[in-house]
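Protein chains: 2
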Amino acid sequence: MKLSEIGEFGFIERFAHRFEDLITPPAMGIGDDCAIFPANELYDYVFTTDMLVEDIHFIRSKISPFNLGHKALTVNISDIAAMGAKPVGSFLSIAIPANVEVEYLDELMEGYHQLSQRFHIPLMGGDTTRSPEKLIINISVIGRIGKNQSRLRSMACAGDIIAVTGFLGDSATGLKVLLENHKTSWLTDYFVQCHNRPNAAVEEGIWLGEQNGVHAMMDISDGIASDLKHILKASGKAAIIETDKLPISGQLIEYAEAKRLNIIQLATSGGEDYQLLVTIKDSEFDSIANAFKKRFNKPLYPIGQIEEGKPQISYFNNGEPTSEPGSGFNHFV
Amino acid sequence: MKLSEIGEFGFIERFAHRFEDLITPPAMGIGDDCAIFPANELYDYVFTTDMLVEDIHFIRSKISPFNLGHKALTVNISDIAAMGAKPVGSFLSIAIPANVEVEYLDELMEGYHQLSQRFHIPLMGGDTTRSPEKLIINISVIGRIGKNQSRLRSMACAGDIIAVTGFLGDSATGLKVLLENHKTSWLTDYFVQCHNRPNAAVEEGIWLGEQNGVHAMMDISDGIASDLKHILKASGKAAIIETDKLPISGQLIEYAEAKRLNIIQLATSGGEDYQLLVTIKDSEFDSIANAFKKRFNKPLYPIGQIEEGKPQISYFNNGEPTSEPGSGFNHFV
Chain A
-10 MKLSEIGEFG FIERFAHRFE DLITPPAMGI GDDCAIFPAN ELYDYVFTTD MLVEDIHFIR
50 SKISPFNLGH KALTVNISDI AAMGAKPVGS FLSIAIPANV EVEYLDELME GYHQLSQRFH
110 IPLMGGDTTR SPEKLIINIS VIGRIGKNQS RLRSMACAGD IIAVTGFLGD SATGLKVLLE
170 NHKTSWLTDY FVQCHNRPNA AVEEGIWLGE QNGVHAMMDI SDGIASDLKH ILKASGKAAI
230 IETDKLPISG QLIEYAEAKR LNIIQLATSG GEDYQLLVTI KDSEFDSIAN AFKKRFNKPL
290 YPIGQIEEGK PQISYFNNGE PTSEPGSGFN HFV
Chain B
-10 MKLSEIGEFG FIERFAHRFE DLITPPAMGI GDDCAIFPAN ELYDYVFTTD MLVEDIHFIR
50 SKISPFNLGH KALTVNISDI AAMGAKPVGS FLSIAIPANV EVEYLDELME GYHQLSQRFH
110 IPLMGGDTTR SPEKLIINIS VIGRIGKNQS RLRSMACAGD IIAVTGFLGD SATGLKVLLE
170 NHKTSWLTDY FVQCHNRPNA AVEEGIWLGE QNGVHAMMDI SDGIASDLKH ILKASGKAAI
230 IETDKLPISG QLIEYAEAKR LNIIQLATSG GEDYQLLVTI KDSEFDSIAN AFKKRFNKPL
290 YPIGQIEEGK PQISYFNNGE PTSEPGSGFN HFV
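Line by line, the protein sequences give chains A and B.
Okay, so the first sequence: first residue is -10 according to our numbering, each after it adds one.
Okay, so the second sequence: first residue is -10 according to our numbering, each after it adds one.
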């Protein structure tokens, strides 16, 4: 059987249940952004790992080594942020083909170090090896969070407001610019920067994790159409998304008009924006959003609501039901 | 500059020092088998990660998927054992080329699961993605150990007896059999089994870590000629190895004679035996070795001694100085 027939999640489902009886709660494994290891009375450790493969996740000629090192770490600390945790250490495994020079690797480590320094995350170990052809980067990050304070995908409640921490669709547009070789302009530079040098919402994640009204949380890596479904499945809830409320940058509005792009599809299915997707208790949303605005000088954007029902998303546009704009990225197709 | 000019450790040295000031002791990073994270008054967590790349670390046609899954986890829990720690959770990142079928992956996960079950190590997360060509496996393992009880490479003292937990050279002979397509026999089957299905000395590592007289410890992945040097560098000590005392299996003695193989070179530079290499306080060696024999029904083999001096190994054969048998494996040559 071909893997493309069952996909990533189909493959994981084939073995994940067999390992379940080996876990001793309150430790927690497969099924969230991070695994959880209890440490002491005050805090837990959380743990995540992600692999970036050349020509699958990045094209070497389309991203500078500095940005590649920076982004590879970003996508991992984004998973830590999605638990509400603070990253405290990273591990880097790298398989290097013969045509990659030491100077390239120095720049890659420069990007990795700059981000490590910004959030004070030591590189604590790893593995370095040769690769026959492609550059492969696997990063693991450990985070720390207050005892039992991790925000899980299973914590969404009916009535919760669904919100995101920033613009959606800019990174997907940057990927489009790169793959289709759009003519360079200040606009395309903006999108490519969003795609090649994303920011992880580390401080936002820690802050949101401290608010009692914040229920489920995850980071947006595959697009909300796909990522929100993980929250719905884990929580056993349905959701509505109001597409007219999705936060879209002025740049994307301008570029989409010129290029006739489908903004809603880019914003819901594009992926790699690394904003946080949160569900917040209805009655506390306004005060949390106000405090968020004061703390980060930007809005927390409400885009829909959790409801009772089967784990699926209903889309509305200006109050009218509308069809699903497209589905999330599947690495195996 | 080509990476082959500076090697794996040369590359790591280019950036490792820049991350040192980001670590807050007692946490510990690059430079040992594992990194250490303090958990509470009773124990620490230790952490290791290793990447296996097709055609660099394994050849798909030369190892069954079951054994590949088993071995990929073994090499990681061996690093945990080398700290004296107990493995408590694993993480698997896997990049899968289109020509690998689901049935192959099922068998690989079967081998991974069998070992996980044997030592009660839950698989707690990971990442699954597509690969353009080669099968790539990155595994991370977390272990737990009594507070400040980790056995480090830096702990060797002058006068310590150097010992290993089992036969050396069998795995390297297995690799030779596979690469040179030796004619199959019960002997070659034994060596191939040693190479493709090695055992991690988990229980031995935990037991040795509980003995006060055990100082430095690491696992033998590249061969003692290379691995012992890490202990010597970290401890600032020299060592003598008595090549006539190296534990060699009856199978290797027989096969080496028939095939005219250099036993000492295989035993010191071959690698992948995953035995433990320990240094033990001289005055306590006999009692520890006796207790080890009672507990594991096999000897702890003394092979040399730590001395004051520059970090280098002097080889002796039946009391006479002899030359270095060859050097450890360098992935980049």
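Derived by calculation from the structure, the hints in this document are not laboratory data.
Check each hint, because a few of them may be wrong.
One copy or two, it doesn't matter: identical chains are merged, so the pair holds either way.
With a straight-line Cα cutoff of 20 Å, these simulated DMTMM-like cross-link-like pairs (lysine to aspartate or glutamate) come out [stated by the list, open to error]:
id	residue 1	residue 2
1	165	95
2	51	96
3	287	275
4	299	43
5	248	90
6	-9	169
7	136	30
8	-9	122
9	287	9
10	248	296
11	218	95
12	282	30
13	287	309
14	234	271
15	248	169
16	283	-6
17	222	9
18	283	10
19	282	169
20	234	30
21	299	122
22	-9	297
Those earlier numbered hints the structure runs against, lowest number first: Of the numbered hints, 1, 4, 5, 6, 9, 10, 11, 12, 13, 16, 18, 19, 20, 21, 22 do not hold.
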